[in-house]
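Trainee: Chain residues, written in single-letter form:
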Amino acid sequence: MEITEEIIHKVAELSKLRLTDKEKDKLLESFHGFLNYVQTMNDLDTKDVEPMTHVLPLKNVFREDRVCQETDRESVLKNAPEKKDRYFAVPKTVE
Amino acid sequence: MKEITKMTALALGQMIKKKEIKVFEAVLAQLEAIKQREPSYHCYITVLEEEALQMAKKVQEQIDAGLLEDSPLAGVPVAIKDNICTKGIKTTCASKMLADYVPSYDATVIERLKAGGAIIIGKSNMDEFSMGSTTETSYYGATKNPWDKERVPGGSSGGSAAAVAAGEAFFALASDTGGSIRQPAAYCGVIGLKPTYGTVSRYGLIAYASSLDQIGTMGKSVSDCASSLELISGYDPKDSTSIKESHFQYRDALVEGLKGMKIGVPKGIWKAGLDPENAHAIQEAIGLFRNMGAHIEEFEMESMEYAGPSYNIIACAEASSNLSRYDGVKYGFRSMEYEDLEDLYIKTRSEAFGEEVKRRIMLGTLVLSSDYYESYYKKALKVRSLINRSFQKAFEKCDILLTPTTPTTAPKLGTSLSDPLKMYHTDTYNVAINLAGLPALSIPCGLDSKGLPMGLQLIGKHFGEKDIIRAAYNFEQSGSLVSNGNEF
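First to last, the protein sequences are chains A and B.
Under the numbering used here, the first residue of the first sequence is numbered -8, with each subsequent residue one higher.
Under the numbering used here, the first residue of the second sequence is numbered 861, with each subsequent residue one higher.
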């Protein structure tokens, strides 16, 4: 599929990124190169192959539901760019 | 002073135990070396002077009280890649996004290092969020290769590798998603060991591509790597992909003799753009293994040439998902001006992520979008299956596999980033191993005509660390080049 400016625009929107025109041009070129490169995979017949997301056989991990304190509110809030009282502060989200 | 930083980690640990040297003396010598050499190499983002000296005092007390008896690395300074969380110590991932981030907890590997008495001396430089193969995408500037200051140390764990090579750390922890331990180890003439996926807890490792990321160690000797890996390995309930295995006594594999070991050499390695000098070094290494009594067999391995495309799609896809957490709300950078919440997210991310990180987030988002999902992402996962199968078939015939670590020696600074596809090529021998979750290590196998170290990669079966450690140990004993070939 041909990569267009429109696709770059849509992907940036999904990625929550705003790109400069220069960044867009560079990415357009880079996407072309990348897709050409990965398209070589199409030479490989994978009709009856199962997709593999993980190497080792993973099972769901269960544990007892016990109350414990891993960390305290204060040290977590210390890293907040903006806080109010005991909470993270964000711009108003509901009018 | 210089003599101390020339020692291996285990040799220093032994002297400390014998009370021939105090922990604080070792730490002071290390800090002194860092002070002298950092202006040249820039291995660290943060150096921990005060904390290290405090820790030295505590560890010395423990040793004097007869504790830490069976901990060979007690009192030994270690560098930690700056994507591993350290409580109360800035952990930046070499990104503007996390420039002021101070974790409220220690990664499990840090807890284990501390319990073993190792002294964290600094947080080492890396490519931003581990995305790169040269350490040039770091927000804090590039690290220089101690063998030639005009060259890159490799990446993404370039700071860790250079620190060990320059005597700015006795050993280091790093992470490997597609060669990020092994490739810089090769470029810097040190040993880098990436264990089987699930061996070392990823709790507290800032995620890049979760199904590929694995923490490992770098050191001046095979024994240092084996001992430090032993210290950090083991089941951790905080990492749901951590494996309930208990055969982590890697030092048991440090034994002489390779008689009867079957070493496989994939035929494809000779045509993957391999530099003639590197090819020659690999041939010599093969001869050496044969002389030590190993059986060498060359054979074709199917689908390996598709590992790069599959890896890059999977890594970018997982990265785009993992990095969506950086929104300027709970921690990390927040843009100064914004109109509403959406604008806050967008401005924060656009201002704080570097070019390569944005590119990979974009690529990952693209291959996960509905129009591309089947033909790219799902295809890549199927190719991953085939690569895994190809390795399984190979391990029916042999105990370990041997390849070069990299096609060439370290490139010059400033020559790689302009062409991402070319940069990816430097990891061509590495990425398939992460797709299959196998253990692998890189060990120096000589210098090229420019005087730069070349690396040999040994790959084991799942949980076959002991096989590759034993092979590497024997190779090292036979007189291969070890890191101290340079002036440190």
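Among the hints, erroneous ones may be present.
Listed below are the simulated EDC-like cross-link pairs for lysine to aspartate or glutamate, each with C-alpha atoms no more than 16 Å apart in a straight line [stated by the list, open to error]: (1) K1207/B - E20/A; (2) K1009/B - E898/B; (3) K879/B - D924/B; (4) K1282/B - E20/A; (5) K38/A - E1234/B; (6) K13/A - E1157/B; (7) K1122/B - E1157/B; (8) K7/A - E1211/B; (9) K1190/B - E73/A; (10) K1272/B - E929/B; (11) K1119/B - D1259/B; (12) K7/A - E1234/B; (13) K1282/B - D1135/B; (14) K1190/B - E20/A; (15) K947/B - E910/B; (16) K1207/B - E1197/B; (17) K1098/B - E55/A; (18) K1131/B - E1165/B; (19) K1190/B - E4/A; (20) K83/A - D1203/B; (21) K15/A - E1215/B; (22) K947/B - E65/A.
Simulated from the structure, these hints should not be mistaken for lab results.
Trainee: Does the structure break any of the earlier hints, and which numbers would those be?
Mentor: 1, 6, 10, 12, 14 and 19
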